[in-house]
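Visitor: Chain by chain, the residues run as shown.
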Amino acid sequence: MSEMNGKSEIEKKISHGIEAAAAANKPLTAEEQATAGFFKQLLGFWVTFRTMFKKVNTVNYPEVKEPTADRFHGRHQLNRYDDGLEKCIGCELCAWACPADAILVEAGDNTEDERFSPGERYGKVYQINYLRCVFCGLCIEACPTRALTMTNEYELADDKRDKLIFEKEDLLAPLRLGMIPAPHPMYPGTTDTDYYRGAIKGPHPDQEVKK
Amino acid sequence: MSTSQLLGTDPGWIILVKGLIVFVFCVLCTLLAIWAERRVVARMQMRLGPNRVGKFGLLQSLADGVKLALKEDLIPKAADRIVFVIAPVISATTCFISFAVIPMTGRVSLFGHKTAMQLTDLPVGVLYVLAAASVGVYGIVLAGWSSGSTYPLLGGLRSSAQVISYEVAMGLSLVAVFIYAGSMSTSEIVAAQHHWWYAVVLFPSFVIYAISMVGETNRAPFDLAEAEGELVGGFHTEYSSLKFALFFLAEYVNIVGVSALATTLFLGGYHALPGLSFTENWLGGWFTMVWFVAKIAFFFFFFIWLRGTLPRMRYDQFMKFGWKVLIPFSLAWIMIVSTLRVMSQRGTSRAIIVAFTAGVVLLILLISTLFESSQKRAEKRDALGDVPPPSFPVPDLARFTHSELEQRNV
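One line per chain: the protein sequences are A and B, in this order.
Take the first sequence: its letter number 170 is residue 171 in this note's numbering, and every next letter is one higher.
Take the second sequence: its letter number 289 is residue 1248 in this note's numbering, and every next letter is one higher.
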């Protein structure tokens, strides 16, 4: 770094890059054209001919499905704790973060008889409108409980507009082995804070709702 | 018995059958050509191309044809209705009729009748093909004019200028063939190439024809008449449905047509490759058609290859190339060919012929050297350094050489 020269290292590097780019784009002189032009044209023919025998880039899509990138922004998913309670607390932060106004959340109160999530409230109505969603992922960043994440599923086309408004049951993560479907009470002897800290590793037999 | 005498004995129903065969051949060629073009260009761009309809997508063009036929047929309000309807018909009919004189096989037997697979044999057959091709341009010009719209008009004008310019070079390239074959009849030209193909003997003519047939058919890199970047769809911008399909058909039949003519005039027509002439008797002579189709396919691949490789030429470059390069070059070539031909016919001694050839080569070298030095002088003269500065403010042009300025389009 020499401030004395009036140019920082970065500035020098940038100006060097511009010069290099200018040199690369410099048009051929008349003599260069006269000697190289014809054979360069023939070279082009060789390029296209050779390309015919290269492996094609086409993916035969409906028959062949290539996996997406790991972090591909696909359809959303509403996650559960390991005992089956929903993570969503109905805070609407996702809806507020959404730049396309694609998310509608209405919260409901958890009661002792009917508990969907730890804590006071749960997402009673949860809709995502995939005609509006731009898959930016700001809702995922906004979610305080990691209730909302995105899957890699990208086949979201349909033939009716109302089919593309996904309800809570469309978005809710499937129950894994041992999970008890909500509503049911919290793990005995725990508070919602234990849930948020990830202390719950599975269901307790007492959580089964007696009928 | 010559081919024309042989064809003269055809009864009416054989002529009808042959007409049908020619028509079906053209349509089939078009369907396969469109498919082949899309597949091959796709390969050149590392894609697969259409592979959905039928095996390998072979029926794609058929499906596209059905789709086009079912589309709404629009006629713009400003269009001249009658001419607008006639134009595609002119295009689509003239492209077929040139096939009447193309010999597709040698002597064969068709339903027990001894004949050759050629509809008719005119003494001026090649001129007939050229005439049919020129009438075909009317389809394009009239389509452009009658659409009542700017882009089609420009496209139609471009294409007429283009086809007229390249027809001159094309006609001139054929003159050498006529001189050597001593005939304009297609069957006699094919017969005259029994030993040596004219593509070898008259190589410069072959090259000129190959270039001008691309210009003649409005194909890339000479497809200025439908330059989509400039003219939307060119002459067929306003056309839809079956009328558009007719133009599409005409374009491809034309390609097959010029390829067939090139095969006939330069690649020995239906004759087998040298050394394989025993195959000409297979299937009672019908195997010659395989050679004919193979040679057309060769030309068609050349068309596709050009399209996959070269960008579209600018209009002025294109005209400059046609008028200032192709035509003078073919004129000079014809002079040389005719001189040599007359010499050999009069039995001039070999020494004189060699001397003449050497003289021509020397002359070409001399002219090219003079041309080069005059170009250098012109470049020096045009260098803007010597020009006195104008009285109004201009950018500092003297920093650039003439050729650089030309490239910047100043």
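Honestly, the hints are just simulated from the structure, not real lab data.
Possibly wrong hints are sitting among the right ones.
To be verified - Here's a subset of chain B near chain A, in silico, CB distances under 7 Å, partners left out:
#1 Arg1002
#2 Arg1006
#3 Leu1007
#4 Val1025
#5 Gly1267
#6 Met1272
#7 Gln1276
As the list claims (entries may be wrong) - Covered by chain B, per the in silico footprint, the following chain A stretches (three or more residues, Cβ under 8 Å):
#8 43-51
#9 55-66
To be verified - For lysine-lysine, the following DSS-like pairs were computed, each having C-alpha atoms within a straight-line distance of at most 30 Å:
#10 A:Lys66 x A:Lys202
#11 B:Lys1073 x B:Lys1036
#12 A:Lys56 x B:Lys1279
#13 B:Lys1073 x B:Lys1014
#14 B:Lys1014 x A:Lys66
#15 A:Lys161 x B:Lys1026
#16 A:Lys55 x B:Lys1014
#17 A:Lys202 x A:Lys125
#18 A:Lys125 x A:Lys161
#19 A:Lys161 x B:Lys1030
#20 A:Lys55 x A:Lys66
#21 A:Lys169 x A:Lys202
#22 B:Lys1279 x B:Lys1335
#23 B:Lys1026 x B:Lys1014
#24 B:Lys1014 x B:Lys1030
#25 A:Lys164 x A:Lys66
#26 B:Lys1283 x A:Lys66
Keep in mind the model is a prediction, meaning the values are calculated, not measured.
Glycine residues also receive a C-beta, built at the ideal position from the N, C-alpha and C atoms.
Visitor: Please go over all the hints and tell whether each is borne out by the structure.
Guide: Here's how the hints hold up against the structure:
Interface hint status for Arg1002 (chain B): upheld, as the beta-carbon distance to the closest one in chain A is roughly 4 Å, under 7 Å. Hint status for Arg1006 (chain B) relative to chain A: holds, with the closest Cβ pair at about 5 Å, below 7 Å. Restraint check, Leu1007 (chain B) versus chain A: the minimum CB separation of about 4 Å is within 7 Å; hint holds. The beta carbon of Val1025 (chain B) is not positioned within 7 Å of any beta carbon in chain A (closest approach about 23 Å), and the interface hint is therefore violated.
For the restraint placing Gly1267 (chain B) at the interface with chain A, the shortest Cβ-Cβ distance is roughly 5 Å, inside the 7 Å limit, so the hint holds. For Met1272 (chain B), the suggested interface contact is broken, since its CB lies about 12 Å from the closest CB of chain A, more than 7 Å. Taken as an interface hint, Gln1276 (chain B) does not check out: its beta carbon lies about 13 Å from the nearest beta carbon of chain A, beyond 7 Å. A stretch counts as covered by a chain when three or more of its residues have a beta carbon under 8 Å from one of that chain; for the stretch 43-51 of chain A and chain B the count is 5, and the coverage holds.
Remark: the stretch 55-66 of chain A is confirmed as covered by chain B, as 6 of its residues place a Cβ nearer than 8 Å to a Cβ of that chain, reaching the required three. For the proposed pair Lys66 (chain A) and Lys202 (chain A), the alpha carbon gap of about 35 Å is over 30 Å, so the pair is violated. Only pairs whose Cα atoms come within 30 Å are accepted, and Lys1073 (chain B) paired with Lys1036 (chain B) is rejected, the gap being roughly 54 Å. About 40 Å separates the Cα atoms of Lys56 (chain A) and Lys1279 (chain B), which puts this hinted pair outside 30 Å; it is violated.
Pair hint Lys1073 (chain B) plus Lys1014 (chain B) does not hold up; C-alpha atoms about 37 Å apart against a cutoff of 30 Å. Taking the CA atoms of Lys1014 (chain B) and Lys66 (chain A), the gap is near 22 Å; set against the 30 Å cutoff, the hint holds. The suggested pairing of Lys161 (chain A) with Lys1026 (chain B) holds, with an alpha-carbon distance near 25 Å, which does not exceed 30 Å. Our distance criterion of 30 Å between C-alpha atoms is met by Lys55 (chain A) and Lys1014 (chain B), whose separation comes to about 22 Å.
Between the alpha carbons of Lys202 (chain A) and Lys125 (chain A) the distance comes to roughly 25 Å, so the proposed pair stays at or under 30 Å and holds. Restraint check for Lys125 (chain A) and Lys161 (chain A): satisfied, since their Cα atoms lie roughly 25 Å apart, inside the 30 Å limit. Proposed proximity of Lys161 (chain A) and Lys1030 (chain B) is supported: the alpha carbons are some 25 Å apart, at most 30 Å. In summary, the hint linking Lys55 (chain A) to Lys66 (chain A) is supported, as the alpha carbons are separated by about 21 Å, within the 30 Å threshold.
The hinted pair formed by Lys169 (chain A) and Lys202 (chain A) meets the criterion: a straight-line CA distance of about 24 Å does not exceed 30 Å. With a C-alpha separation of about 20 Å, the suggested pair Lys1279 (chain B) and Lys1335 (chain B) falls inside the 30 Å cut-off, and the hint holds. Taken as a hint, the Lys1026 (chain B) and Lys1014 (chain B) pair is honoured in the structure, with Cα atoms around 19 Å apart against an allowance of 30 Å. At roughly 25 Å between alpha-carbon atoms, Lys1014 (chain B) and Lys1030 (chain B) fall within 30 Å of each other, so this suggested pair holds.
This hinted pair checks out: Lys164 (chain A) and Lys66 (chain A) have alpha carbons roughly 24 Å apart, not beyond 30 Å. The suggested pairing of Lys1283 (chain B) with Lys66 (chain A) is violated, with an alpha-carbon distance near 55 Å, which exceeds 30 Å.
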